[in-house]
Amino acid sequence: MSGKEKKTVKTVIDGKEYAFPQGTTILEAAKSVGIEIPHFCYHPGLSIAGACRMCLVEIEKMPKLQISCHMTVDDGMVIHTNNERVKKARKAMLEFHLVNHPLDCPVCDQGGECNLQIYYMMHGNYISRLRENKVKKTKKAFQIGPHVMLDQERCVLCSRCVRFCQEISKSNELGIFQRGDREEIDVFPDMQLNSPYSANVVDICPVGALLDKDFRFKTRAWYLESADSICPRCSRGCNIEIHYNLNRPWKNEGRRLARLKPRCNLEVNDWWVCDEGRYSFKFIDDDNRIEGPLVRTDGKARNTGFKEALELAAESLRNSAASTDVEIAVLVSPRAANEELYLLKHVFSEQLPGTRLVFSSATPFEPTEDDILRKKDKNSNTRGAELMGLTPDSAQVWSLSELKDAVLAGEIGALYICYHDITGLPEEFSAGWAEALERIPLVVYQGTNTCPTSEKAQIIFPAAAFAEREGTVTNFEGRVQIQQKVFEPLSEALPGWQIIQSLGVALGGSYEYESAEEVFADLAKNEPAFAGLSYEKIGSGGFVAKDAKA
Amino acid sequence: MGNITVKKIDTSRPMTFLERIYIWEILRGLWITNRHFVVNMFFHILNLFGIKTKRKGAVTIQYPEEHRGWHRRLRTRHYLARREDDSPRCVGCMMCETVCPANCIYIVAHDHPDPNVEKQADKFTIDMGKCVYCGFCVEVCPEDAIRMDSGHLEICSYTREDMIYHIDRLLEQHHDPSDYKNHEEWMEEYP
Amino acid sequence: MLGELILKTIIIVVVVNTVLAFGGFLTWVERKQSAVMQDRIGANRASILGLRLWGLFHILSDGIKMFAKEEFIPRTDHRKLFLVAPFIAWFFALMGFAVIPFSNTLHVAGYELSLQIANPQIGILFAFAMMGMTIYGLVLGGWASNNNYALLGAMRGAAQMISYEIALAAAVVGPLIVYHTLNMQEIVLWQAKLWGGWLPLWGIVVQPLAFFLFITAGAAGTKRVPFDLPEGESEIIGFNLEYSSMRFGAFMFTDFVEKILVSCLAVTVFLGGWQVPFLTENGFVFRGETLLALSPLVIWLIQPAAFFLKVCVVIYVLMLVRWTLPRFRYDQLMHLGWKIMLPLAFANIVITGFVLLVLKA
Ligand code: SF4
Ligand code: SF4
Ligand code: FES
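Protein sequence lines, in the order shown, are assigned to chains A, B and C. Remember, this note's numbering sits 20 above the position in the first sequence when you count from 1. One point on numbering: in this note's numbering, the residue at position 118 of the second sequence is 99, and numbering is uninterrupted. Remember, this note's numbering sits 1 above the position in the third sequence when you count from 1.
Chain A with its partners taken away, still in its complex shape:
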C-alpha cells in the first residue's frame, strides 16, 4: 500500500450504505460486509480475468449487469447483488457452465467442496433442460504432472490455473486450447506441470478438473476435519490446514492425516504452499513411527514404558556427569518447537550443569530455494533456536563437526539426540558419524520415526509429531506461529516438551508444566526475544518476535 491515505467512497449495497476504500472491487467490498457473490474465475491472489460471468451484479443507472470481480466501488453507486434480474442471470450462467459438465459427482474428489455443487444448491436449483448429448473430451482424467490429475470435461474454463502458472509460479505450463465448446485446459506440448508449486492449482480450481493425485479416491472431503497448523518443512513457516480423518480409520490406508492445504496468511505465504511442504506429512502415519519408549540391551530393543526408560536414562546421564573425563552433549534440533528448545536448555543446564549443547541445522532434504516461498533452511524453527542462543554463534554451543571431533577424542560420555538423523544427513555432515556414534557409551534418542541413528541409541523416547502436539515455531523472519494439536500422539508417544520435562523430573528437578502454553508463558518471561508474547497474542496469524530483526 502506498503511503497516501486512500480515499473512502460511499456505496449502497443491497439497500444499505457502506464506506469502502476507493479501488475495492465490488466483490471484495460485498464480501467484507458479509455478502457472498458467487464466482469462479476471481481469485484474490491472481489477476482479474472476467471469464466466468458468475459474479454479475446490477448497478443502478448501468444498462447491463456488471461483473463485480472487476468493477470497483465508487461514490454514489447503488448495487444490487440479489435482485430478480441478478438471480436470473446467475441461474442462466450456471446452467451455461453446466451444459457440458459431466455427471461425475459420484467419482469426483471435489464433491462436497465443489463450487458448482454449492452454487447449484444456492443459486441454481433448476430442472435440466438439456436434451442434446454433452460434448465429450477425448480423454477423461489423466496425469499432467507428478501431483496433478486433469479432467478437461469438468473444467469451467475460469483460467485460474493458467494465471497461477503465469503469475505466481511463473512456470507457464498450462494454457487454454481450442475454441467454443471444444475449448480446454491442457499443458503445453512436451511439458509437464512439474513446478515446485504445481499442486496449488488443485486448491484454486473451483471445480474438480484439477485434482490431487496423492489424495485421489482416498476418502471424501466431507469425512475430513480440519485444524490450523504451520508447515514443518522449511523456515518459511507457511500457514496450513491439516485435514484429517479419525472417524473412519479404514479410509486413506489407515492414515489419520489425509492432506495439507494452504491457509491464507498475507504476511507469510499468501494462498500458497510448495509441493515439498504439501506432501511432507507422510512420516506422521508411517509404519516406522516409534510407538513406545525402548531400551536396547544386547542389541535388542524392548518397550519398557516411560517410567523405567526415564529412570534408566536419568541414572546413566548422572553417571556420566559424575565422571570427570567425559562430557554430556545434547544435540538440539531446529525442528523442535520453541517450548521444547526452552526446556532442553533449562533442564540440562539446571540438572546436569556443564552439559554441552550442540546445534546443527543440516537436514537430509535438498536445500531448494526460490523467491516465492521456499527457503534454503529446511527446518521449521532455526530462528527460534537462534533467538534462544542455541546456535553455534554463541561460543558454548558446538557445531556438529566440533562434536564429532570430541567424540573421536573420547571426550563424550553421553549424547542426547533430538530428532536429528545424523547418519542420514548429506555426506558433508554425516561423514564418519556411523562409527563415531558407536564410540559414545550412551546415546539417547528422542524422535518420531525409527532411523539409522535411532538404531544406534540405547534409550529411545517416542516423540509426538508436529500435528500431535501443541507448540510454536519461529520462521526465518522471527514470526512465532502456533502448530495446533490435531490428534492424539500415536500409541505411547508424548510431546517433546513433556518428555524433556519428565526427564528433568527423573533427574531430580521439579518441573510442573501442564501444557505447552504454560511452557511458553515461562519462555516469554525468560527469553528477551520472546518477551510479551503469548498464545493468545500469536493467534492464527503469528506474531513477529521483538528483536528478531536485530
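It should be emphasised that the hints constitute simulated quantities derived from the structure, not laboratory data. Take these hints with a grain of salt, some might be off.
[Stated by the list, open to error] Per the computed footprint, the stretches of chain C lying under chain B, defined by three or more beta-carbons under 8 Å from a beta-carbon of chain B, are: (1) 320 to 329; (2) 345 to 358.
[To be verified] No more than 16 Å apart at the CA atoms, straight line, and that leaves these computed lysine to aspartate or glutamate pairs for EDC-like: (3) A/LYS107 to A/ASP94; (4) A/LYS233 to B/ASP143; (5) B/LYS35 to C/GLU5; (6) A/LYS238 to B/ASP92; (7) A/LYS190 to A/GLU497; (8) B/LYS37 to C/GLU113; (9) A/LYS557 to A/GLU537; (10) A/LYS157 to B/ASP95; (11) A/LYS238 to A/ASP248; (12) B/LYS104 to A/GLU273; (13) A/LYS159 to B/ASP95; (14) A/LYS160 to B/ASP95; (15) A/LYS505 to A/GLU532; (16) A/LYS395 to A/GLU273; (17) A/LYS160 to B/ASP92.
Glycine included, every Cβ here is placed at the ideal spot set by N, Cα and C.
Chains B and C with the ligands: place on chain A using the hints.
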C-alpha cells in the same frame, strides 16, 4: 386402498355408574376374551377333526414352513448390482456410507482401469449385524448399484464375523423375485 | 396305626404329585389359553420324534432348559437365604394342600378312606396360615438378592400380599359364620343342602359377595396379573430379579401351585367342594326320586373328578382375568384392597351375622 377408520372414544364424557363401579366393565371385557376363546376353540376343534373351514382358529402364519410372500416394497438383504458387461456398477462414491445411519458400510475405493468409469470400490463391506434396513443406501445411490431386493431375508449366523458381508458376497447374490408379490396380489391375499 | 401311616403316605404322594403335575400342565394351559384368546396358536415347536402334541412337550423342554441354564448367584451376605428362598415359598404353598378335602370319606374295612391328608378342626385356618407363609419366600428372596430393585419388589409384594390376605380372610368369615365350622370336610358336607329342593346351597349361593371378594383377593394373593406388582416382569422388575435357572423356575412354579391352592380353597368354601348336585350316597336323587342308583365306590370316584372339574373352571376364570386386564397401579391396588375390599368384607360379615340372627329368631 380402503380408508382406515378409527373408533372414536369420547373421553370427556363423565363415566356412567356402571363404568364407575368397574365390575360390569370387567365382566364385559371378560366376555370378549372368552368369546374369542370359545369361537377360536370351536374352529380349532373342527380343523382338528379334518373339517375344512374358511375361517381358521388363529391368524398365525407358521413362518419358516409357511411363507407369506413379500410385498414388492419389502427391503431384503443388500446386493451389489452389475452392469451389462458384468462389472460391478458401484463406483465407490461413498454416498451410501455417508448416509447410512447405522454406520455399517465400509468402503475403500481405488482407480478403475477404464478411465470412463474412473473409480470403483476396492473393499465394500456391510455389517449386517448393525444394519437397520432403512434403505437409505439404496435411495441415495447415484448408480443404482446397491439394491435391497435380493429376496434374502433370513440372514442369521452363529458368529458376528459371518454377519459381515464383504464385496464378494455382496456381488454374488442377485435379485431373486420368487417370493415377491406385487401390490394387488398382496392386498388380495392379506386384505 | 401302621396301615394308616402307609395310607396317608400314599395320599400325600398322590396329592403332591398331582398338584405338581397339574402345576406344570398349567404352564402349558396358560400359554395355549392366551394364544387361543388372542387368535394365535401358541408355543408348538417342541417335539419328540416329530410328535408335537400341540406344544405339550414345552413343559418338558422348559424344565430341561431351567435346569440346564447358567445359575447366577449375586455376591450377597445372605447366600444361604438366597439359595433356599424359592423353596420356602414353594414348600408352604404345597403345605396348604394338606387340609383340602378332595373327596368324601369312604368307610372301608374299618379304615376311613378320604383323599384328604389331614382333617384338623381348624383346617381352613391352617390353609390360610400356609398361604400367608409364602410371603416369606418372596421377601427373603428379594432381601437376599442384595439388589435394590429386588428389595423394592419384595417390599411391594409383602405390602400387597398382606393387604389382600386380610381381605381374603375377612371374605371367608361370612361363609364360615354360615357353616358354623372351620373343618374343611364339614364345610363341604354343609353344602350338600338343597334350597327349595332344587338349588344346591353352595357357598356362592349363600355368600355371592364373599365369593367375589375371595376370588379377587385370591388373585391378588397369588400375585397374578392384574396384581403382579411384586414381579412386574416387563418393566418395574421385582423380587426375583437376581434369580436364574431352576431357582427362578421354583418361584414361577410356586405361582402356579398357589393358584391351584386358591382355586381349591374357593371350590371347597364356595363351590361345594367335591359335591355334585343331587348326588347322594345312593346315586342321583331329585325330589326324593332316585334317578340313577350308583355304587358307593363309583360315587366316591365321581366326587374327586367333580372337584377337579370345578378347580379347572376357577382356574380358567382366573386366567381369563389375567389375560384380559392390565396391571393396576400401586395406589389403585392399595385403594382397592384397603378402601373397597376390606370394608365390603366387613359389611358382609355384619350383614351375614344379622341375617342369621333374624333367621334363627
Ligand atoms: S439399509 Fe440403512 S442401515 Fe442398512 S446399510 Fe443401508 S443405509 Fe445403512
Ligand atoms: S452409493 Fe452406490 S455407487 Fe456409491 S458407493 Fe454406495 S453402492 Fe457404490
Ligand atoms: S468471477 Fe467475475 S467473471 Fe469470473
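Tell me, which hint numbers fail for this structure? 2, 3, 4, 5, 7, 8, 11, 15 and 16
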